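**Student:** Note that the protein sequences, when read in sequence, are chains A and B.
This note's numbering puts the first residue of the first sequence at 49, with every later residue one more than the last.
This note's numbering puts the first residue of the second sequence at 49, with every later residue one more than the last.
Among the clues, some could well be false.
Put simply, identical chains are the same to the list, so a pair is met inside one copy or across any two.
To be verified - When the alpha-carbon atoms are kept at most 25 Å apart in a straight line, the in silico BS3-like pairs for lysine-lysine are as follows:
1) K253 - K154
2) K152 - K287
3) K158 - K254
4) K297 - K157
5) K154 - K265
6) K253 - K221
7) K152 - K271
8) K297 - K265
9) K235 - K254
10) K271 - K253
11) K154 - K135
Everything labelled a hint here was simulated from the structure, so no lab data went into it.
Predicted model, so just to flag it, every value in this text is computed and none were measured.
Number of protein chains: 2
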Amino acid sequence: MSYTAWVFTIGTELVQGRVVNTNAAYIGRRLTLLGFNVIGVITLVDDVETVSRYLSNVLIHERPRVVVTTGGLGPTYDDRTLEAVAKALSRRLVLNEEAFKTVKEKYDKKGLPLTPERVKMAYLPEGAEPIPNPVGTAPGSWIEHGNTIIVSLPGVPSEMMSMWEGWVEPRLKSIGPRLHIAEITIKIVGVPEASLAPFIEKAVKKFARVYIKSHPKGEELGKPVVELYIMASDESSEKAISIAEDVAKFIVDSLHPYPASVERLETRVS
Amino acid sequence: MSYTAWVFTIGTELVQGRVVNTNAAYIGRRLTLLGFNVIGVITLVDDVETVSRYLSNVLIHERPRVVVTTGGLGPTYDDRTLEAVAKALSRRLVLNEEAFKTVKEKYDKKGLPLTPERVKMAYLPEGAEPIPNPVGTAPGSWIEHGNTIIVSLPGVPSEMMSMWEGWVEPRLKSIGPRLHIAEITIKIVGVPEASLAPFIEKAVKKFARVYIKSHPKGEELGKPVVELYIMASDESSEKAISIAEDVAKFIVDSLHPYPASVERLETRVS
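When you get a sec, could you build the whole thing from the sequences and use the hints?
**Tutor:** What follows is the structure, given as structure tokens:
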């Protein structure tokens, strides 16, 4: 089974750049550390047609194991992500009894009336399981559709993160690829990125299940500084870190013709 | 003519969440303030097939006026965005003489050899115009393809921003929608978002060319705080701001049954 993942972050404020998309980074990072192979993040305006079209396209053509959506679960006119999810899956949007109960309880406790905008938050695609929201009011949605799990969470970061950590991540872990991720970051001063490039390419070809990325941090033509990120994955955490160390050694050894200074910035295994 | 725009941010480090996508926010904001209607931001791993597939899909199905890509223009094995652009446009990737001259000059000046990895940065899709890079070495690419302009910039933020401000934005301005954008942000304390929702919906229906978004900042059930963003666009800046003021007044007036406190956070016209 291929453990690929896609993320949809919904919100006109995101595409218009008024809000920096920290949710995408958070989810991408957490999925990666769980061993999922994140392929893409699609950020769209609050428009049911557009969101359902791209969701449906990804579901059909990419057949991902997991799709996570954030945003568009609230009470306003443009919070219509679950309508788009339902449409993409050809399911109906129905009042979910469990979701309704939790939404009602929250407002009852505060003596606030259950307006149509509040009831709206309890409508989920048919067959969805509500994800409790301990911070806010809108529940999330967990749907298993064929071989794909579609998780929908609110866009408010504190709500999204609390639901991710308390509910979504433990579930994904139990069905996930059960891979350990080793990461090494090295700072290389004095070698331009273009001179490093052939060694990186050699290492990528030589080692399996390894990802290497160079990030230029200085000036290619002045004082070149490159941060080199190495990631290896394996069922065993010992094996993962030993592969990552081999890659790091291979690249550092190949630098000997250069007046390079090398510093280890980070070593991490999940 | 419809002035829609899409942004592609290319980089495995972005989808994996090791780097927060500030480039997407920068470009989305700049395009919006130029009057373009940004519909989506697609962030993808460094993979030619995936990038060209989604680019081609957006070009064919969305017919945007502008597509901006960032990332993947450098010298390493995974910097292959222009290959993906060429593929999506069914063009060849060719050594661009002007781009080659500027890349060669930069390395000559430093006495550095012109390795294949460095020459690679001068390969652009056939018919592209190189965009000078005053900060780094990789030139950008400007392509007019049918009714769409495809702009490709490096992913290093300082390079991308300097090329955007010095070269891309003046060009887009001259061909752009020539709209002025008025923005008003109001902080409303004491009214839950779900109670505001019907007034926002009414305002959206009542006023043309207006975008309104509510951002819950407090707790819906405790102390509700909502930041309300109002955007209006018009050929005249006076008209744009007067529409935005009308919308703000319409919503503030409708709050009279609530114990609301209202504060103007920002008023801005571009």
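**Student:** Which of the stated hints cannot be reconciled with the structure, identified by number in ascending sequence?
**Tutor:** 1, 2, 3, 4, 6, 10, 11
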